[in-house]
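On the provided structure of chain A, position chain B as indicated by the hints.
Number of protein chains: 2
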Amino acid sequence: MPATSSYPPKIPHPPAETLDLVTIMRTLGDPVRLQIVRLLGDGRPRVCNELSGALGIPPSTGSYHLRLLRMAGVTRTEAKGTERLITLRRDELDERFPGLVDVLIRG
Amino acid sequence: MPATSSYPPKIPHPPAETLDLVTIMRTLGDPVRLQIVRLLGDGRPRVCNELSGALGIPPSTGSYHLRLLRMAGVTRTEAKGTERLITLRRDELDERFPGLVDVLIRG
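Chains as they are written, first to last, in the working numbering: chain A, 264 to 370; chain B, 264 to 370.
Bear in mind the hints are in silico, worked out from the structure with no lab data behind them. Where hints are given, some of them may not hold.
A partial selection of chain B residues facing chain A, derived with a Cβ cut-off under 7 Å [what the hints assert, rightly or not]:
| hint | residue |
| --- | --- |
| 1 | Met288 |
| 2 | Leu291 |
| 3 | Gly292 |
| 4 | Leu297 |
| 5 | Phe360 |
| 6 | Gly362 |
Computed from a predicted structure; not experimentally measured. Heads up, the beta-carbon is just placed ideally off N, CA and C, and yes, glycines get one too.
Okay, chain A solo, but in the shape it has when bound (with noise of 0.2 Å):
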């Protein structure tokens, strides 16, 4: 087994240089990922079940959004044991984007 791999795989996530306005935007463009955003702005991570539960939706629209926000750049999901805690990745969006989840968060 070469000395890179890793088990649990690990989630990718985008480098906080990397994040974009645009792709942000277009991804909290939707009432349920606005709504994720706002439920994790209390820095409380949570699992998906939470997070689905919360919002009365399906695990697997649920973890699709999910995805979406990951792959953005606005959440980190992190595996411990057999759950994966999902946060809001605030310091990030916070030096990217001064302003940015204070505006998602009280509107």
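Chain B alone, transformed into the frame defined by chain A:
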């Protein structure tokens, strides 16, 4: 002719209180439209041809993007003689979504 008609025909704009953050985010999740907002960020009114020229796009394409921005409540189009002058609805956006325009223009 009914008393409610007018010439030139009134250009429709959504009232400030109906502006929706999801719609605005979705509309601005496009590189051309975000660029138009940045150009208008200096407060100077512009006509479609000037904006299109600055972006290197055909006026018909510019007109399409400007219509979407107007319908989302991001810009205002006012007929002045034969010209249609476009401005950012900055005060109304600042009041409804404080910080949003700053993020867009700075980002």
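Q: Would you pick out the hints that fail for this structure and give their numbers low to high?
A: As far as the earlier hints go, not one is violated by this structure.
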